[in-house]
Amino acid sequence: MATVTSLLLFVLCASFGLSFSDSGQENSFESVPDLEKSMYMHVDGYPCVRVLNLSGEIGCSNPSREKVVAPIVRYKSADELLKSAAVLVSIDEFEILLSRLSKDLDFAGKVAGILVESRTEVSNGLKGFSPDGKFPQAEFAPYQSNNFTWNPPGSGIMWKAYNFPVFLLSRTSTLILQEVVMKNEKTKKSNTENVAEFNVVMQTTKSGTHDSDSCLKEETCLPLGGYSVWSALPPINISSSQKSKPVIVTMTSMDSASFFRDKSLGADSPISGLITLLAAVDALSYLDGLDELNKQLVFVVLTGESWGYLGTRRFVLEADQHSDSVRGLDFAMIETVMEIGSVGKGLSNGVKTFYSHTSGDTLATNETFQALLRAQDSLKTESIKISMASTSNPGVPPSSLMTFLRKKSQISGVVLEDFDTSFTNKFYHSHLDDLSNVNSSAIVTAASLVARTLYLLANDQNASAINAINVNASLVEELLGCLLNCKPGSSCELMKHYISPSATCPSHYVGVILGEPSSVPYPAYVSDVSRFVWNFLASKTSIFSRNITSACPNDCNGVGELCIREEADGKGICVISTTRYVPAYSTRLKYESGSWTVLPYNSSEEMSAADPVWTESNWDTISLRVYKVQNTAYDGLILLSGIVVTVLTYLLILITRAFIRKALKWD
Amino acid sequence: MTVAAGIGYTLLALGPSLSLFIAVIAKKPFLILTLLSSTLVWLISLIVLSGLWRAFLPFKTGSLWPCTLIILTSVAFQEALRPLFWKIYKLEDILDAFADRVSKPRLFITDKMQIALAGGMGHGVAHAVFFCLSLLTPAFGPGTYYVEKCSQMSFFLVSAVIALAFVTIHTLSMVIAFNGYAEGNKVDQYFVPAVHLIAAMLTLVNLAQGGCIIGIPLLYIMALLTMGHCGKMVWRRLTEIRSRQGSSF
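Protein sequence lines correspond, in order, to chains A and B.
So that you can map any letter, position 570 of the first sequence is 570 in the UniProt record's numbering, and since no number is skipped, the others follow by simple counting.
So that you can map any letter, position 195 of the second sequence is 195 in the UniProt record's numbering, and since no number is skipped, the others follow by simple counting.
So that you can see chain A by itself, here it is in the shape it has in the complex:
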């Protein structure tokens, strides 16, 4: 190998110097594969993929089974495209470009693919970007006003179908591609141009299945879904002879969506709510005398909520069917539901502002509001303002509670949000709803409020131990770093304490359901965040069953016993806790002998008419490459010159030979 290396160095020296010894760039190759690697530059990006529903498809894909190759051009709104091109566009002009595509068909025919730049630090002037609609998931609302604008920046672009690939570039790739475009513009007349090669070939495009029903039959797609988690504090004793207590349910969701599948952070909506719930559970877990509370606290973390409230609907269905996953939770005993929505932006002018959106029985909701106010008062050192939401709102904002109420309209509910009449989150369901979009002190305050409110509600407004409930601010900071940042990301200390994560950079896209949905799923089929939430809640709500902590899963089969932290240490800890997974997938789907079928429309299930039954196409690989090509005329010219040189030499040799023969015979 070393001999080959030195031989190759020989080659490079003797035929052509390849090092950029003057410029800073070190570009030496040690082998032909190195040369090939530098010819074809792999670009980091987040793709937009094909998602299907019962009536068609949304999202992006290559138009056929071939890779899409097109020269890269910058988008300028006044320009006409002369030939097929891959358009590089900034996030500010992305929506404008997409709307132009739907109007100008000639232009649309020439766009082979789109590359979206990631936002640089400088361009903070972006007013708002939300690819979701102006009233997200309006069809699931329990009230009629479907044109109320909860999300003003909403453009609805993520719900349309595009017949070309779209990639969001990472920060470094953005800089690389900007340079490439500049080079392309400089050398407009020469024989070469830099092209982008998109490989976003979706299996549903290849097999011609363009809706959920046909693609599930052909097994070219999988349904969207995941695993919700619910936990009871303190653990519910099922075999107990005591009368079951009334239940207070606190819920939130853990999934978000965006135009680009792998960059769905959802920092404000809904992860700020998730962090609030986890911190509140942590604060309450240190309280003494939880058993003596008059009401049972139950915490539910749902997933799939961005795609037709899969979590809520399946949760309610499983409760109706009295299935294993909700054993111990009696829906008839639910007194009130508190949902924690987006709370990360509840900081304005130094005052932490939250709004309580209510629905249902006014007596019960009033009680909850009073508890919130008392909790606010007890937090004397902070400036907090809690108000009821405006009465001009048609009802609760888009939330899991919306769906919950449609199924169980007799239950009263409250959604705690950081906005009143429209979202304060300007980047709802977009890749820009990241860590910089939330404020940790707002989350800490929200968690304190929620924890103290729950205590007051569970303790019949008796505030004896309220000042013992304190939220750990460093836990909130840690959770923000783990769930919303690539560093430390999922390999942060906190998450590694409970699970062994499969990826570092977090993404809160719900993903697809793998394998058969069950209340005890195979851990590899459950997402990192779901597993973390399960282990965290189980650990916080647990009571140790025996004096010695024994290793499980071997010896942990008692009633109510769970094995937690099994992945992290290799051996888990056996505890008593009521923490369960509940599968979250469309109520119109059924898993039977290895494949999914769409159940016929059942008019008795109220929301199945609105359920689109989202599925995601399968694919082989998704990649994006950039390289330089020569035009075909030039290639032809080279082939021609090679042939000409060969033929000319042959003729020359024949002439020389004839000449020599003649010269020798000349006597």
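Just to be clear, a hint being listed does not mean it is correct.
[Said to hold, decoys possible] With a Cα cut of at most 30 Å, we get these calculated DSBU-like pairs of lysine-lysine:
hint : chain 1 : residue 1 : chain 2 : residue 2
1    : A       : Lys206    : A       : Lys188
2    : A       : Lys662    : B       : Lys112
3    : B       : Lys28     : A       : Lys206
4    : A       : Lys496    : A       : Lys571
5    : A       : Lys662    : B       : Lys28
6    : A       : Lys295    : A       : Lys385
7    : A       : Lys76     : A       : Lys186
8    : A       : Lys186    : A       : Lys110
9    : A       : Lys110    : B       : Lys112
10   : B       : Lys104    : A       : Lys83
11   : A       : Lys662    : B       : Lys104
12   : B       : Lys232    : A       : Lys408
13   : A       : Lys665    : B       : Lys104
14   : A       : Lys665    : B       : Lys112
15   : B       : Lys27     : A       : Lys665
[Said to hold, decoys possible] Which chain B residues stay away from chain A? Per the calculated CB distances, all over 12 Å, these:
hint : residue
16   : Leu36
17   : Ile94
18   : Asp96
19   : Tyr181
20   : Ala182
21   : Glu183
22   : Lys186
Keep in mind the hints are simulated off the structure, nothing from the lab.
Glycine included, every Cβ here is placed at the ideal spot set by N, Cα and C.
Position chain B against the provided structure of chain A, taking the given hints into account.
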């Protein structure tokens, strides 16, 4: 760049060798053997050199002094091998003796030149395969590669063109050299190493920014020079023989 361009580059570098092979060498099995053995000898010389230079790895490719040193030592080594190669091919005496035994005509001057030509072509083909063909595999794919210091032509085109020049130089040098050793002509004997060295050094011009525009034409001037000198030498020998034949009547 595609298959068309890849084939084009291959033909540019090795097309003339192919033509020469078909026109002259393929007809006589002995010449084919000569070709193959000289290719092998040249490759072995490269391996020995790389083994020697292995000790000095790694160093920055493209930096002037190490490259100059490598080129100097390699050319010196290969030129030293050339007389050895000729001594081995003094087996043309053996061939002559064999011809006498079977009462067939002895090797004519053109036969000896053809052997030299085959030997030279062996060197040239080995050079082209090693320094150009081995790098051409990526050229058959869709992309191309341009080096910053030579932005007018693609890297593959430059390799092919330089390889063609060297094939010409090597092929014709051997004819000149063998004739020089046979006649004892010092001019011819020193011409060949000088041309080889100058041509090799000219490739260093490519290290400079835009150097390939100057370096490659200069290299072709050397190739034409070699061709001219070879032609002159062949013509001289042939006229000598003709006049000798003429005077013998």
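Against the structure, the hints come out as follows:
1. A:Lys206 to A:Lys188: 35 Å, violated
2. A:Lys662 to B:Lys112: At roughly 18 Å apart (the allowed maximum being 30 Å), Lys112 (chain B) and Lys662 (chain A) satisfy the hint.
3. B:Lys28 to A:Lys206: Given that 30 Å is the threshold and the Cα spacing comes to 57 Å, the pair is violated.
4. A:Lys496 to A:Lys571: 14 Å, holds
5. A:Lys662 to B:Lys28: Distance ~21 Å between Lys662 (chain A) and Lys28 (chain B) Cα, so the pair holds.
6. A:Lys295 to A:Lys385: Satisfied, since the Cα-Cα distance of roughly 27 Å is no more than 30 Å.
7. A:Lys76 to A:Lys186: Satisfied, since the Cα-Cα distance of roughly 16 Å is no more than 30 Å.
8. A:Lys186 to A:Lys110: Holds, at roughly 22 Å.
9. A:Lys110 to B:Lys112: 65 Å, violated
10. B:Lys104 to A:Lys83: 71 Å, violated
11. A:Lys662 to B:Lys104: 23 Å, holds
12. B:Lys232 to A:Lys408: 106 Å, violated
13. A:Lys665 to B:Lys104: 20 Å, holds
14. A:Lys665 to B:Lys112: Judged against 30 Å, a Cα distance of about 18 Å means the pair holds.
15. B:Lys27 to A:Lys665: Holds - the C-alpha atoms of Lys665 (chain A) and Lys27 (chain B) are around 21 Å apart, at most 30 Å.
16. Leu36: 20 Å, holds
17. Ile94: 25 Å, holds
18. Asp96: 19 Å, holds
19. Tyr181: 21 Å, holds
20. Ala182: The assertion about Ala182 (chain B) holds, with a minimum of 18 Å to chain A.
21. Glu183: It holds; Glu183 (chain B) is separated from chain A by about 18 Å at its closest Cβ, greater than 12 Å.
22. Lys186: Given that every Cβ of chain A is farther than 12 Å from that of Lys186 (chain B), nearest at about 26 Å, it holds.
Checked against the numbered hints above, the structure violates hints 1, 3, 9, 10 and 12; every other hint is satisfied.
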